[in-house]
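Chemist: Spelled out from the first residue to the last, the chains are:
Number of protein chains: 2
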Amino acid sequence: MAKEKKVEQITDMEVDFAQWYTDVCKKAELIDYSSIKGMFIYRPYGYAIWESIQRQLDARFKETGAENVYMPMLIPESLLQKEKDHVEGFAPECAWVTYGGSEKLEERYCIRPTSETLFCEHFRNVIQSHRDLPKMYNQWCSVLRWEKTSRPFLRHREFLWQEGHTMHATAEEAMAETEQMLKVYADFCENVLAMPVTKGKKTDKEKFNGAEATYTIECMMHDRKALQAGTSHFFGDGFARAFDITFANKENQRAYPFQTSWGVSTRLIGGIIMTHGDNNGLVLPPKVAPIQVVVIPVAQHKEGVLEAARAVADRLKACGIRVKIDESEQSPGWKFAEYEMKGVPLRLELGPKDIEKNQCVFARRDSGEKSFVSLDDLETVAADLLEKVHQGMFEKAKKNLTDHTYDAETLEEAKRLQQEHGGFIRTMWCGEEACELKMKEEAGMSSRCMPFGEKSIGNKCAVCGKEADKVIYWGVAY
Amino acid sequence: MAKEKKVEQITDMEVDFAQWYTDVCKKAELIDYSSIKGMFIYRPYGYAIWESIQRQLDARFKETGAENVYMPMLIPESLLQKEKDHVEGFAPECAWVTYGGSEKLEERYCIRPTSETLFCEHFRNVIQSHRDLPKMYNQWCSVLRWEKTSRPFLRHREFLWQEGHTMHATAEEAMAETEQMLKVYADFCENVLAMPVTKGKKTDKEKFNGAEATYTIECMMHDRKALQAGTSHFFGDGFARAFDITFANKENQRAYPFQTSWGVSTRLIGGIIMTHGDNNGLVLPPKVAPIQVVVIPVAQHKEGVLEAARAVADRLKACGIRVKIDESEQSPGWKFAEYEMKGVPLRLELGPKDIEKNQCVFARRDSGEKSFVSLDDLETVAADLLEKVHQGMFEKAKKNLTDHTYDAETLEEAKRLQQEHGGFIRTMWCGEEACELKMKEEAGMSSRCMPFGEKSIGNKCAVCGKEADKVIYWGVAY
Numbered sequence: 001m002a003k004e005k006k007v008e009q010i011t012d013m014e015v016d017f018a019q020w021y022t023d024v025c026k027k028a029e030l031i032d033y034s035s036i037k038g039m040f041i042y043r044p045y046g047y048a049i050w051e052s053i054q055r056q057l058d059a060r061f062k063e064t065g066a067e068n069v070y071m072p073m074l075i076p077e078s079l080l081q082k083e084k085d086h087v088e089g090f091a092p093e094c095a096w097v098t099y100g101g102s103e104k105l106e107e108r109y110c111i112r113p114t115s116e117t118l119f120c121e122h123f124r125n126v127i128q129s130h131r132d133l134p135k136m137y138n139q140w141c142s143v144l145r146w147e148k149t150s151r152p153f154l155r156h157r158e159f160l161w162q163e164g165h166t167m168h169a170t171a172e173e174a175m176a177e178t179e180q181m182l183k184v185y186a187d188f189c190e191n192v193l194a195m196p197v198t199k200g201k202k203t204d205k206e207k208f209n210g211a212e213a214t215y216t217i218e219c220m221m222h223d224r225k226a227l228q229a230g231t232s233h234f235f236g237d238g239f240a241r242a243f244d245i246t247f248a249n250k251e252n253q254r255a256y257p258f259q260t261s262w263g264v265s266t267r268l269i270g271g272i273i274m275t276h277g278d279n280n281g282l283v284l285p286p287k288v289a290p291i292q293v294v295v296i297p298v299a300q301h302k303e304g305v306l307e308a309a310r311a312v313a314d315r316l317k318a319c320g321i322r323v324k325i326d327e328s329e330q331s332p333g334w335k336f337a338e339y340e341m342k343g344v345p346l347r348l349e350l351g352p353k354d355i356e357k358n359q360c361v362f363a364r365r366d367s368g369e370k371s372f373v374s375l376d377d378l379e380t381v382a383a384d385l386l387e388k389v390h391q392g393m394f395e396k397a398k399k400n401l402t403d404h405t406y407d408a409e410t411l412e413e414a415k416r417l418q419q420e421h422g423g424f425i426r427t428m429w430c431g432e433e434a435c436e437l438k439m440k441e442e443a444g445m446s447s448r449c450m451p452f453g454e455k456s457i458g459n460k461c462a463v464c465g466k467e468a469d470k471v472i473y474w475g476v477a478y
Numbered sequence: 001m002a003k004e005k006k007v008e009q010i011t012d013m014e015v016d017f018a019q020w021y022t023d024v025c026k027k028a029e030l031i032d033y034s035s036i037k038g039m040f041i042y043r044p045y046g047y048a049i050w051e052s053i054q055r056q057l058d059a060r061f062k063e064t065g066a067e068n069v070y071m072p073m074l075i076p077e078s079l080l081q082k083e084k085d086h087v088e089g090f091a092p093e094c095a096w097v098t099y100g101g102s103e104k105l106e107e108r109y110c111i112r113p114t115s116e117t118l119f120c121e122h123f124r125n126v127i128q129s130h131r132d133l134p135k136m137y138n139q140w141c142s143v144l145r146w147e148k149t150s151r152p153f154l155r156h157r158e159f160l161w162q163e164g165h166t167m168h169a170t171a172e173e174a175m176a177e178t179e180q181m182l183k184v185y186a187d188f189c190e191n192v193l194a195m196p197v198t199k200g201k202k203t204d205k206e207k208f209n210g211a212e213a214t215y216t217i218e219c220m221m222h223d224r225k226a227l228q229a230g231t232s233h234f235f236g237d238g239f240a241r242a243f244d245i246t247f248a249n250k251e252n253q254r255a256y257p258f259q260t261s262w263g264v265s266t267r268l269i270g271g272i273i274m275t276h277g278d279n280n281g282l283v284l285p286p287k288v289a290p291i292q293v294v295v296i297p298v299a300q301h302k303e304g305v306l307e308a309a310r311a312v313a314d315r316l317k318a319c320g321i322r323v324k325i326d327e328s329e330q331s332p333g334w335k336f337a338e339y340e341m342k343g344v345p346l347r348l349e350l351g352p353k354d355i356e357k358n359q360c361v362f363a364r365r366d367s368g369e370k371s372f373v374s375l376d377d378l379e380t381v382a383a384d385l386l387e388k389v390h391q392g393m394f395e396k397a398k399k400n401l402t403d404h405t406y407d408a409e410t411l412e413e414a415k416r417l418q419q420e421h422g423g424f425i426r427t428m429w430c431g432e433e434a435c436e437l438k439m440k441e442e443a444g445m446s447s448r449c450m451p452f453g454e455k456s457i458g459n460k461c462a463v464c465g466k467e468a469d470k471v472i473y474w475g476v477a478y
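First to last, the protein sequences are chains A and B.
Following the working numbering, the residues of the first sequence are numbered contiguously, the last one being 478.
Following the working numbering, the residues of the second sequence are numbered contiguously, the last one being 478.
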């Protein structure tokens, strides 16, 4: 009963996917709304997922040699304007500070929508010689973009992210960094978040404002829409020239350094929800779940049950597993539903009969599968099951991606496949923006990426029929 | 020679303490200036100290049951105005956002100077029953206060901090939380940062805008000025009433919850610099030093030296010590000066003769003391020396605090002691704000705190001579 009541609170995803998504965000207590449209409150459970992502990504960044810094949140308008393409892209969605206290400012400042300009100003101060290169910086912060529409985690006016900014002596080094960071993101998504990705290059139309090239990881959601989950940009020396950043190279000549930037945001949490969630709520990848195992004592009023449950919880904690024991007076059924909603990967049930038999019950959140486990094997089985949950989640998501990636030879076919199945539509493309625009207009799909190392499917552009040597993915994107 | 050259870069603290401080911030590469006055760039070495503080404080907060969240950075003007004392205190130093993109906003938003109002708005949504209490939240973020003057770490327009905000069912619980968090701060300062503190209560004049009571930890700097290093506030139910936050208590009656907030900021880094630094630069407490041991190979071109130095570095890393080996082509003298400037607690020197004798040289940053150590004892001696450096730093700072805390019975005596020695002047105080104002006007000192549990020194107010039962500390504050 209790369980049904809790589950009733969310809409089925087959009925209304968008509503299901919002329900999960609210009922799993990930997020709350504030009084400013598009600015959200990250609640403890949602923020704990971000902390877990941060901790693990940060360690990976540092392994590559990146160092963390913190830049000011405000950018003078004149500074933002130094790089033409960049300001054109961002100025329309900046929030502007015009007063400091009661004083009108001489120049207005925008709250950073991204920090390339601030990093460039600083790089100009700290880069003089080739010995100062590479500079590999990252910052964890929030940025602000004054969007018209919003949705929890997917599109906020203010969102949390990290932005890496690096400077290198040569274009080759900068390109290697751009590619390396895309690999770091892809590996993290697949091996930590259990989210399979498609790696590739963005078209010129879709690349970052001011970049020479943008690389992306694209994921497929349950509703078969695409989510751009992370990007890595190669800037060439464009910003360096605009900001007059030079260094003395080994031949003691002035040269411009080459730049990259790369970022992921709390959008990843939206990706987790829409990749793994189900009609009972959230399903969290074990490696970022704030609670990996929830211990539910059954018939907890009976002698010895709570003590035994606590002992089991302590043993799991001792081997580094994140455990919560729920000793509250709610019924086991209510508790089952509650932690299913919150996506806890493993539930451990322990009642008087289990204690008698020196066993417990494990229930997997991803598959619902239950198993009786001897308490002698508690630690090894728990660790093994967490790994299996991760694998199970990854394979399920991978199947969704593979099953719903379709090849098409014409725009009509692409359009039909998208309408019938959703997903990614793979075609050849001639490289003309006109064809991209036509695909968008007629089939409602934007280009997602030109994937790395995939076999071509013919040699004609699906849109114009002219010769084409580029494989491209199309999709309906968040 | 090289060493002298490096050291020449900073002013002696006896010559000009303020200039010495700025020199250290710049030359130790902690901070850089941005193009907006009062907004600073936290460089990798400075930010790494903050990350170390964050990691350790965060663990201590979580042990008390606090959970991290993230609130929006913007506060609608109408929301800020809900609590009268609070808005009066903060509105004059708010930065105001008036445009979103090209659109003028209907209501202006300030960038958070602190987030009580935002937390209250959220508490109103999530607190309904006594079962929802206590709520113990913390956030790590930056805040903005449009100050007229600025100084690295001590006074920024934008600074990094944490702000804890908690709600409790009873005044007693909230008061216990206020006191507990002050203890957490004091313990952290003394046992991690090696900074002795004086704990006490602020006068009404000096308390936080909107608080019923503010508790503080006050530290004494090298120049004998006071630094307020952390505060913890008890709000009573004032904000709860202003924001209409109520809960059903155990008797099922509506009641107002009781609130606290508490915070420390990157100001702590300023405190570290001015408590421990010397004329060779920074001196970092081992527990937050980004590099705890720097390994300097001597005569590194000779066969076997680099290999031996790397082996030593690896052994120290393996036992969890943060180690850097400097293999660059700079001279050992240059390297010695460089890592002294950066305040690395221990330097390990290793040359051909040491290798022959199976030994190395350790030099302590705090005392300059050198010792020859058998490589057989490397790990234990390193750990032991780091502990000794911490102790040595704490005792030196404690002596500064004790030696420069003076008792006075009259305003004249207090004034003379401050002029002659600086430091804290301890007197009795009647509790009248008029006397506080007079002390400020005539002796240039503000009240720092009414210390906990200190013996009274007479029974007459040092300013007005009337009966007094409060011990109070006065000082010149940063």
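Wrong hints could be hidden among the right ones.
Note that the list lumps identical chains together, so a pair holds whenever it fits in one copy or between two copies.
[To be verified] In silico lysine to aspartate or glutamate, EDC-like type, Cα no more than 20 Å apart, as pairs:
(1) Lys250 with Asp237
(2) Lys207 with Glu63
(3) Lys415 with Glu103
(4) Lys148 with Glu303
(5) Lys455 with Glu190
(6) Lys201 with Glu190
(7) Lys62 with Glu51
(8) Lys104 with Glu77
(9) Lys399 with Glu441
(10) Lys26 with Glu67
(11) Lys324 with Glu379
(12) Lys27 with Asp132
(13) Lys84 with Glu412
(14) Lys26 with Asp132
(15) Lys455 with Asp326
(16) Lys317 with Glu67
(17) Lys302 with Glu212
(18) Lys62 with Asp326
(19) Lys460 with Glu327
(20) Lys317 with Glu206
(21) Lys353 with Asp244
(22) Lys26 with Glu329
(23) Lys104 with Glu387
(24) Lys62 with Asp314
(25) Lys353 with Glu409
(26) Lys396 with Glu327
No lab work stands behind these hints, which were simulated from the structure alone.
Chemist: Next, verify each hint and record whether it holds.
Modeler: Going down the list of hints, with the structure as the test:
no., hint, result
1, Lys250 with Asp237, "within (18 Å within a copy, 66 Å between copies)"
2, Lys207 with Glu63, "neither (27 Å within a copy, 45 Å between copies)"
3, Lys415 with Glu103, "neither (56 Å within a copy, 37 Å between copies)"
4, Lys148 with Glu303, "neither (58 Å within a copy, 66 Å between copies)"
5, Lys455 with Glu190, "neither (22 Å within a copy, 63 Å between copies)"
6, Lys201 with Glu190, "within (19 Å within a copy, 52 Å between copies)"
7, Lys62 with Glu51, "both (16 Å within a copy, 13 Å between copies)"
8, Lys104 with Glu77, "both (15 Å within a copy, 17 Å between copies)"
9, Lys399 with Glu441, "neither (29 Å within a copy, 76 Å between copies)"
10, Lys26 with Glu67, "between (35 Å within a copy, 18 Å between copies)"
11, Lys324 with Glu379, "within (15 Å within a copy, 37 Å between copies)"
12, Lys27 with Asp132, "between (50 Å within a copy, 15 Å between copies)"
13, Lys84 with Glu412, "neither (38 Å within a copy, 64 Å between copies)"
14, Lys26 with Asp132, "between (48 Å within a copy, 16 Å between copies)"
15, Lys455 with Asp326, "neither (52 Å within a copy, 48 Å between copies)"
16, Lys317 with Glu67, "between (32 Å within a copy, 19 Å between copies)"
17, Lys302 with Glu212, "neither (68 Å within a copy, 46 Å between copies)"
18, Lys62 with Asp326, "between (37 Å within a copy, 18 Å between copies)"
19, Lys460 with Glu327, "neither (64 Å within a copy, 56 Å between copies)"
20, Lys317 with Glu206, "neither (46 Å within a copy, 45 Å between copies)"
21, Lys353 with Asp244, "neither (75 Å within a copy, 49 Å between copies)"
22, Lys26 with Glu329, "neither (23 Å within a copy, 58 Å between copies)"
23, Lys104 with Glu387, "neither (58 Å within a copy, 52 Å between copies)"
24, Lys62 with Asp314, "between (32 Å within a copy, 18 Å between copies)"
25, Lys353 with Glu409, "neither (62 Å within a copy, 74 Å between copies)"
26, Lys396 with Glu327, "neither (33 Å within a copy, 49 Å between copies)"
Hints 2, 3, 4, 5, 9, 13, 15, 17, 19, 20, 21, 22, 23, 25, 26, counting from the list given before, are not met by this structure.
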